[in-house]
Amino acid sequence: MIRRVLLVPALVAVTVVPGGPAFAQGAAVVTAIRNATILTITKGTIDKGTIVIRNGKIAAVGANVDVPRGATEIDATGLFVMPGIIDAHSHIAVDGAVNESSLSVTSMVGVEDVLNPKDIDIYRGLAGGVTSANVLHGSANAIGGKNAVIKLRWGKDARGLLFEGALPGIKFALGENPKRASAAGGNAERRYPATRMGVIDVIREAFVEARAYQATWRAHEAAVKAGDRTAIAPARDLRLEPLVEILEGKRLVHAHSYRADEILQLIRLAEEFKFRIATLQHVLEGYKVADEIARHGAGASTFSDWWAYKVEAYDAVPHNAALMTDRGVLVSINSDSAEEHRHLNQEAAKAMKYGGLTEDQALELVTINPALQLGVDKRVGSIEVGKDADLVLYSAHPLSTFAIPRQVLIDGVVYFDREMDLQQRQVRAAQKQALKDKARSTGTAKPTAPDTTPKAETTTPGQEDLR
Amino acid sequence: MFHVWPFKGLSEEAVVVIATRVRTAAMGVACVVGLGAVAQTQPVAPIAIRNARIVPVSGAPIDAGTIVLANGLIKAVGARVDVPAEAVVIDGSGLTVYPGLIDALTDLGMSAAPPSTPGSGAGQGPPRPTGRTIRGPQDRPATTPWVQAADEFRADDQKIETWRNGGVTTVVTAPRGGIFPGQAAVVNLSGDRREDVVVRRAAGVPLVLTPPAGGGTFPGSAMGVLAYVRQVFLDTRTAAEQVRRYEQEPRGKARPDHDRATQALHAAIQAKVPFLLPAASEVQIDRVLALSREFDVPTVLYGAHEGYAAAGRIAKARVPVVVSAKWPEAPRDADPDADDLLEVLELRDRAPRTPAALAEQKVPFAFASDGLPGPGEFLANVRKAVKAGLAPDAALRALTLDAAQIYGVQDRLGSLEAGKIANLIVVRGDLLGDTSTVAHVFVDGRRFDVPPDSGAARPTGPGRGPGRPGEGDRR
Numbered sequence: 001m002i003r004r005v006l007l008v009p010a011l012v013a014v015t016v017v018p019g020g021p022a023f024a025q026g027a028a029v030v031t032a033i034r035n036a037t038i039l040t041i042t043k044g045t046i047d048k049g050t051i052v053i054r055n056g057k058i059a060a061v062g063a064n065v066d067v068p069r070g071a072t073e074i075d076a077t078g079l080f081v082m083p084g085i086i087d088a089h090s091h092i093a094v095d096g097a098v099n100e101s102s103l104s105v106t107s108m109v110g111v112e113d114v115l116n117p118k119d120i121d122i123y124r125g126l127a128g129g130v131t132s133a134n135v136l137h138g139s140a141n142a143i144g145g146k147n148a149v150i151k152l153r154w155g156k157d158a159r160g161l162l163f164e165g166a167l168p169g170i171k172f173a174l175g176e177n178p179k180r181a182s183a184a185g186g187n188a189e190r191r192y193p194a195t196r197m198g199v200i201d202v203i204r205e206a207f208v209e210a211r212a213y214q215a216t217w218r219a220h221e222a223a224v225k226a227g228d229r230t231a232i233a234p235a236r237d238l239r240l241e242p243l244v245e246i247l248e249g250k251r252l253v254h255a256h257s258y259r260a261d262e263i264l265q266l267i268r269l270a271e272e273f274k275f276r277i278a279t280l281q282h283v284l285e286g287y288k289v290a291d292e293i294a295r296h297g298a299g300a301s302t303f304s305d306w307w308a309y310k311v312e313a314y315d316a317v318p319h320n321a322a323l324m325t326d327r328g329v330l331v332s333i334n335s336d337s338a339e340e341h342r343h344l345n346q347e348a349a350k351a352m353k354y355g356g357l358t359e360d361q362a363l364e365l366v367t368i369n370p371a372l373q374l375g376v377d378k379r380v381g382s383i384e385v386g387k388d389a390d391l392v393l394y395s396a397h398p399l400s401t402f403a404i405p406r407q408v409l410i411d412g413v414v415y416f417d418r419e420m421d422l423q424q425r426q427v428r429a430a431q432k433q434a435l436k437d438k439a440r441s442t443g444t445a446k447p448t449a450p451d452t453t454p455k456a457e458t459t460t461p462g463q464e465d466l467r
Numbered sequence: 001m002f003h004v005w006p007f008k009g010l011s012e013e014a015v016v017v018i019a020t021r022v023r024t025a026a027m028g029v030a031c032v033v034g035l036g037a038v039a040q041t042q043p044v045a046p047i048a049i050r051n052a053r054i055v056p057v058s059g060a061p062i063d064a065g066t067i068v069l070a071n072g073l074i075k076a077v078g079a080r081v082d083v084p085a086e087a088v089v090i091d092g093s094g095l096t097v098y099p100g101l102i103d104a105l106t107d108l109g110m111s112a113a114p115p116s117t118p119g120s121g122a123g124q125g126p127p128r129p130t131g132r133t134i135r136g137p138q139d140r141p142a143t144t145p146w147v148q149a150a151d152e153f154r155a156d157d158q159k160i161e162t163w164r165n166g167g168v169t170t171v172v173t174a175p176r177g178g179i180f181p182g183q184a185a186v187v188n189l190s191g192d193r194r195e196d197v198v199v200r201r202a203a204g205v206p207l208v209l210t211p212p213a214g215g216g217t218f219p220g221s222a223m224g225v226l227a228y229v230r231q232v233f234l235d236t237r238t239a240a241e242q243v244r245r246y247e248q249e250p251r252g253k254a255r256p257d258h259d260r261a262t263q264a265l266h267a268a269i270q271a272k273v274p275f276l277l278p279a280a281s282e283v284q285i286d287r288v289l290a291l292s293r294e295f296d297v298p299t300v301l302y303g304a305h306e307g308y309a310a311a312g313r314i315a316k317a318r319v320p321v322v323v324s325a326k327w328p329e330a331p332r333d334a335d336p337d338a339d340d341l342l343e344v345l346e347l348r349d350r351a352p353r354t355p356a357a358l359a360e361q362k363v364p365f366a367f368a369s370d371g372l373p374g375p376g377e378f379l380a381n382v383r384k385a386v387k388a389g390l391a392p393d394a395a396l397r398a399l400t401l402d403a404a405q406i407y408g409v410q411d412r413l414g415s416l417e418a419g420k421i422a423n424l425i426v427v428r429g430d431l432l433g434d435t436s437t438v439a440h441v442f443v444d445g446r447r448f449d450v451p452p453d454s455g456a457a458r459p460t461g462p463g464r465g466p467g468r469p470g471e472g473d474r475r
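In the order they appear, the protein sequences are chains B and X.
Here the first sequence stands for residues 1 to 467, numbered as in our numbering.
Here the second sequence stands for residues 1 to 475, numbered as in our numbering.
Chain B with its partners taken away, still in its complex shape (with noise of 0.2 Å):
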C-alpha cells in the first residue's frame, strides 16, 4: 500500500544536513504535517490527520486541526506518522571500548564523557526511525559504567545529544558476562567474581559500601548545619556516588540478565536495599518469573527472537515479550546492536506473530513503554499536545515489513530525509572524488619541501671541539 509522496520543497529549508545548522532560534518555528495516518499510541489512531508543531513540540494533533498562517507544510498523503523509536538498550555513539573490563564494580565511569556526536550509527539508526536510545555500558562488570540518554540529533555535539532532563542511571550485569566465563585465557587475570554466587555479592559489598559513605556523607552534612566550622568533607568517591544515587531513587539501574535465578536474586537484593529495578536488560528468561517482575516493579527491555546465542540464552522464547506484557510487566523490544536498531519496528511486529499481541501493544513496545522506561514518557513515547515532536514518517504501516521512514524528526527539525539523503550521496561521492584527485595530484608532483631521502649519517670532523 505504497502511495507516491510528493515532498513539499520548503522542506528543504528546515532539514538538517550532517553539520549543518538546525533551525533559527527566537522567532516560532511552525511545522504542520497533513494528510497523515497517525498512529498516536495512546490515544489511537487519525485517519488523515494533522500534527501542527510549534517550536518542536507538538501544539495540535487531531482530523480536523486549523494550521496557522506561515506554518512549514509537509503533506503527508498516504504516510503514517508514528512516535520516533526509542531503543532502551544501544551502544552506538561511543568513543572506544564500551566495557571499561578491568574490574568488577566501574561505577565510576561513563559513556557520557566519551559520546561520539559523529558516528555513524546516530545516523543509520535515525535512519530506522531510531530518535532516542538508552546508550550504555557493557556487560562485562557486575556494576558497570553510567549510561546517557541520548536524542539522535546529528549534527550536534556530544552535549546536543544528551536527552536533557532524562534520569540518569547505570549498567549493572549478571551471568555468564560478569563471572567472566567466556573471558580470553592466556594473560587474562581471573578475577572475582567467577560463579553466579559471586556476582550477586560483589553487588551486596558494593551497595554496603555505599550505605557506609553515605552516613559518612549525611553525618558531615549534619555536623555542618549544627554550626561545626571545623569539619571537614569527606573525600569524594565517584564509584560510591552512583551507588548512593541509586540508594535515594535518584539512578535507574538498568540490569542485564538471562536466567530466572539472577533475575530473583537481584530483584531480593534491590528490595533488601529498598530501591527498584528500572530495567531487566535482555532478561531472556523473563517469562518464567514473570510475576515477581511486575510485583517488584521493574520493565523488561528484551531482544525480538534472539536465542541460543550461549548458554544462558537456550531457554529463550520469541514469544518472551508477549507473555511478559500479559502478565502486567512493563516490556520494550531493543536492540543492542547498530544492525537491529534500523528495523526496531519490524522486530516489534513479531510480538503479533509469537504471542499474538495486538497492533496497538506491538507499537508500544518500542515507543511509549521504553520511554516509560527511561522516565523519558512525558516527553516522548507518543503523539500528544506538549510533547516534543519526535516523529517518523513510514511510507507504509510501521508493523509492515515495507515500511520505510521517508523523513525523521527530533524536537520538530527534520533530521533525516529520504531525498535528501539520496542527494547527499551523489554530492558526497563527487566531493570524495575531488579529495583524492586532489591528494593524487599534490603526491605525484615534485615534493615542494626540501629532499627528506634518508642519507647516510657522516661523522663530523671537528664537531668534539665545537662543544
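Just so you know, these hints were derived from the structure itself, not from any lab.
Glycine included, C-beta positions come from ideal geometry on N, C-alpha and C.
One or more of the hints may lead you astray.
On the chain X side, residues computed to face chain B include the following (Cβ under 10 Å) [claimed, not checked]: (1) I134; (2) R135; (3) A213; (4) G216; (5) G220; (6) G224; (7) R230; (8) E241; (9) Q242; (10) K253; (11) S281; (12) Q284; (13) D349; (14) R353.
Ranges between beta-carbon positions, derived for each pair [claimed, not checked]: (15) B:D201 / X:R244: 37 to 43 Å; (16) X:G59 / B:A429: 47 to 53 Å; (17) B:V67 / X:E294: 21 to 27 Å; (18) B:G386 / X:K316: 31 to 37 Å; (19) B:A235 / X:G429: 56 to 62 Å; (20) B:L264 / X:A271: 54 to 60 Å; (21) B:G227 / X:E294: 52 to 58 Å; (22) X:D151 / B:L247: 20 to 26 Å; (23) B:G386 / X:E360: 42 to 48 Å.
We have chain B; now place chain X onto it with these hints.
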C-alpha cells in the same frame, strides 16, 4: 675545523682565528651558565653578526643590522649597534638571523623506557610493569606526575644534533608512558650537561587520555581514563586541604596519606603550571575544553588536527594550542584502491589549515614535531600550514615567541631582544620559503656550524625511531 665557512670576505687565516676565539667564547659561556660567578674570571669574546637581515619576531625586521652576543645572552640588536672592540665579527651579508626555533612538545632526550616506578608505564611505552595489583583509582595506575623531564633529560641524545642542525634550538620535552607521564621541561639544545641546558623545569603537565595498552587493568578504556583523571583531580584538592588542616593542628587528627602523585599535581596547580590535554578531533577538542572547565586548571590543548573546525570554541575558552605538525596522511603502504571515508579524506586535506584557523581567531599556538623524524619534515609541514593560509610571520611567531609564551618563558626566549638568551639561527634564504638552508645555529651563545649535507632537511636516519606516536592519528 669547520666543515664550511659561509661568511663572505674572510680569509682562511681569519677563519682559524675566529674559530679559536669562538671556542674560547663557548667555554666561557658554559662557565657563565653552569657556574655563575666563576664566569667573571674567564675572558669571554663576544660575537657580533653584522650586515645581516635580522628578524627579531618581537619587532619589525631590520634589513642590515647587527646583533651582539655575549655571555650566552643577546647583548644588543639593531640597525646601529656598538660592536665591542674585542668581539669576533661575522659578516652576515646575504643571510638572515631568526630566533632559534622551539619544538613545543617532543620526547627528545627522554629515554625510551618510562621510569620504572610501580604502576607506571603503558600507554605509548612498553606494557606497564606487573607486580602491583590495581584495585582502582586509589592505586594511581600509570601515574608519575612527579617525574621531571628536567631531571631525566639526556643531553647526549644523538638526535639532538640533528634537530639543532635543522634550526631547533629549544624543545619542550616531556616524559613518556602512562596517563600522567610526568612534567615537561623547556630545554636548550646547547650542551652535554643536563645542568647547563634546562631553561625551565615543570613547564607543563601533559596528560595522555588514551587507555594504556592491554586493557587488563584499570583504566582499560577511554571512559575509564577520563573517570580516573577526574578522581585524581578531586583527590588532589582533597589531599591538599587535609594536609593544610593537619599542618595547622596535627593533634587529634589522622595523619594524611603520603601520596606523591597528588602532591606533585597540587604543587603544579599552585604554581599555575599549564596542563597539556590531548585532543585531535573536533569531538575530542570539545571534550577536553569541557574537562578544562571542570578541572579549573590552566590548560594547553595539544594535537588539534581538526582544530580548523573548532577554532572559535577554542578561542572562546582562551586555551592556547600546541598543534601537532604531523599532519594526518595516508599510510605510505596504503592500498591504492582503498576507499577511505570522505571524513578521513577531508581531515587529511584540511588539517594543515588548522594553524591559519587558529590565527584568525587569535588563538595563541605553537608547533610540535609529534614524532616526525627530523627538523626537515617538521619545517616542511609548517610550510604546508603556510600554503594552507597561515601568514608566514604568524608561523614564525608560533615557532618562536608564541611557543615561549605558552610555556611562560617569553621573558628569556623566543625573540631577538637584548637580555634574552642567545638562541638564534642564521639562514640562507627565507626560513619558510622552499629553498632555505640553516647555516649556523647559536644556542646559549654557543655557536654550532651546520654540516653542508645536513641542512634543515636532513632526516635523522637511524634516529628515525620511536618518537611520540601521533595522538592525532588515533581517532
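Verification of the hints:
1. I134: holds, 7 Å
2. R135: Interface hint status for X:R135: holds (7 Å vs cutoff 10 Å).
3. A213: With a minimum Cβ separation of about 12 Å from chain B (threshold 10 Å), the hint on X:A213 is violated.
4. G216: At 6 Å from the nearest chain B Cβ, X:G216 passes the 10 Å test, so the hint holds.
5. G220: holds, 4 Å
6. G224: X:G224 check passes; min Cβ-Cβ to chain B is 4 Å, inside 10 Å.
7. R230: holds, 6 Å
8. E241: holds, 7 Å
9. Q242: With a minimum Cβ separation of about 7 Å from chain B (threshold 10 Å), the hint on X:Q242 holds.
10. K253: holds, 9 Å
11. S281: With a minimum Cβ separation of about 8 Å from chain B (threshold 10 Å), the hint on X:S281 holds.
12. Q284: Check passed: Cβ of X:Q284 comes within 8 Å of chain B, closer than 10 Å.
13. D349: holds, 5 Å
14. R353: violated, 13 Å
15. B:D201 / X:R244: 37 to 43 Å: Given about 39 Å between the Cβ atoms, the range holds.
16. X:G59 / B:A429: 47 to 53 Å: holds, 51 Å
17. B:V67 / X:E294: 21 to 27 Å: violated, 46 Å
18. B:G386 / X:K316: 31 to 37 Å: Cβ of B:G386 to Cβ of X:K316: about 35 Å, so the range 31 to 37 Å holds.
19. B:A235 / X:G429: 56 to 62 Å: holds, 60 Å
20. B:L264 / X:A271: 54 to 60 Å: Check passed, 57 Å falls within 54 to 60 Å.
21. B:G227 / X:E294: 52 to 58 Å: violated, 31 Å
22. X:D151 / B:L247: 20 to 26 Å: violated, 47 Å
23. B:G386 / X:E360: 42 to 48 Å: holds, 44 Å
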